[in-house]
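Assemble the complex: chain A is given as a structure, and chain B must be docked to it using the hints.
Going down the list, the sequences are from chains A and B. All letters in the first sequence, in the order written, are residues 1 to 288 by my numbering. All letters in the second sequence, in the order written, are residues 1 to 304 by my numbering.
To be clear, the hints were calculated from the coordinates, so they are not data collected in a lab. Among the hints, a few may not be true.
Derived DSSO-like pairs: lysine-lysine, alpha-carbon spacing no greater than 27 Å straight-line [unchecked claim]:
| id | chain 1 | residue 1 | chain 2 | residue 2 |
| --- | --- | --- | --- | --- |
| 1 | A | Lys-178 | B | Lys-100 |
| 2 | B | Lys-100 | A | Lys-104 |
| 3 | B | Lys-201 | A | Lys-103 |
| 4 | B | Lys-282 | A | Lys-104 |
| 5 | A | Lys-178 | A | Lys-197 |
| 6 | B | Lys-100 | B | Lys-201 |
| 7 | A | Lys-104 | A | Lys-178 |
| 8 | A | Lys-103 | B | Lys-282 |
Since the structure is predicted, the reported quantities are computational estimates derived from the model, not experimental observations.
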Amino acid sequence: MLSRSAAAAPAKRRAPARVLPGFNITLGYTLMYLCLIVLIPLSALVFKTFTLTWDQFWAAVTGPRVMASYRLTFGASLIAALVNVVFGLLVAWVLVRYQFFGKKVVDALVDLPFALPTAVAGIALTALLAGNGWVGQYLEPLGIQLAFNPNGIVIALIFIGLPFVVRTVQPVLEDAEKELEEAATCLGASRWQTFSKVIFPSIAPALLTGFAMAFARGMGEYGSVIFIAGNMPMVSEITPLIIIGKLEQYDYAGATAVATVMLVISFILLLIINGLQAWQRRHTGASA
Amino acid sequence: MSSNLIRRAEAGTTESAWVRYTLIGITLVFLFLFLVLPLAAVFAEALRKGFDAYWEALKEPDAWSAIRLTLITALIAVPLNLVFGIAAAWCIAKYEFRGKSVLTTLVDLPFSVSPVVAGLVYVLMFGAQGWFGPWLQEHDIKIIFAVPGIVLATVFVTFPFIARELIPLMQAQGNDEEQAAIVLGATGWQTFWYVTLPNIKWGLIYGVILCNARAMGEFGAVSVVSGHIRGQTNTMPLHVEILYNEYQSVAAFAVASLLALLALVTLVIKSVAEWRHEREMKAIGDLSPENTKAAPVGATVKAA
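Okay, chain A solo, but in the shape it has when bound (with noise of 0.2 Å):
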């Protein structure tokens, strides 16, 4: 590297010398294993796609099944990254400002979803919340039915999504600096205002970020969903099923027209969250 970097001396403008050795095999590397595993094979779907012709795509992905779907999906997925924004602020709020009995276990446990198979989450919670669960068998009665309905699918994308809020709304919240709520304080305002006007526009685009991230995983979700969503067609039944569906009956155009939609919409969610990031950043550097 020192040596070709010397060599190209004397060309217009050179580069600031790399001292560390090791770019060239590591950006080599990392670029060839990047396009071999994702890439190239996401390219195939994309390719197949085009094999389609524009009615057969739009009759594929807008069939009153898919579209059943979609709403599905998306609603339960938005629903669920709501309630874990307001869970997961209160957990990163208590885990950071108070002090109590078992916080390290309680702090450990919050990464559980990340940790434990989604297939296994899925028939616990499915077993939880059934007729005859320990959960179940109280709400029963009571009319209320968490399990094999949408209700269900909810459940198991709030399970799934909240350590994402928790753990980008918790460093946010270890850094934010006490003398602005000391000052706003002794400025005369109530503890409600402080939150409000001084913590909560520092902590907005960590909690924006956080829902974010918990919207994008409950669209793609799968193996926790459908134990316990009953997957009616029409009512129950989450786009990846759709996908799965489709496969089992050897129709490859129709799942490669759903999939590449379901792509489509993770790339925004991608750019959206990269972009809340690169905010979040610079807002946490301007009020440092």
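Same frame as chain A, now just chain B:
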């Protein structure tokens, strides 16, 4: 007057006791309902008919082959992503180059792709109707509905975990120590092995353990490519699904309880890694120039 202000300021950074206890209470109830109860349900359901039934379910040959396949898959997928994660973190964290943010976004991409879509893309590549399908059939190589497909899908899904863990860590640590090592005559490998690796050790362990948990537990992507052949292409999560759908509840939860144990072990290792990392960071903080003069010699030695 001034002491009054200070008291008000201190009171102003926390809430009254009853608000505190209410918030803690709500949090604990919420986490109990959503995290502890499902976890407890797995073990309770698995042991509902006693230890013997639990043991019988795990001794079953199909369960064994599922456990074996899961271990093999993780054993291949995790090292692959480990090498990639280190390479990606090295070039993203240590250098500035054009297109770096695009590369970082692409590394994150598998996080946001639905696992079902991830499985499907490999079917489109290697399935009977796929790009390489006819060629593979001619040469009698099976990827889809066989072990290689399961490994590939798992690699895809767990792709970013280690890189994601290492990139911010290595960025925060900067290049100074590595540059010093190179200037003092160390080779690239020596620099990585003796300077970088000790600094990123705990982040690396956390990344690997999380990657492993996800690799062993992956369901959606693997379910698309596996073909569900009992005793051959069933991983543990798929085996759980089959047993559950056959109403063999105890057996399903018995296998699930192994995966839940894996999750708990993951959380324990993760917490330990985090605490150790924090302690080391604090020790390094104590060693910084402003503090070394004030700190007694003993403290410096202990920290080192």
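For each hint, the structure was consulted:
no. : hint                    : verdict
1   : Lys-178/A <-> Lys-100/B : violated, 35 Å
2   : Lys-100/B <-> Lys-104/A : violated, 37 Å
3   : Lys-201/B <-> Lys-103/A : holds, 25 Å
4   : Lys-282/B <-> Lys-104/A : holds, 18 Å
5   : Lys-178/A <-> Lys-197/A : holds, 14 Å
6   : Lys-100/B <-> Lys-201/B : holds, 24 Å
7   : Lys-104/A <-> Lys-178/A : holds, 22 Å
8   : Lys-103/A <-> Lys-282/B : holds, 21 Å
Checked against the numbered hints given earlier, this structure breaks hints 1, 2; the rest are met.
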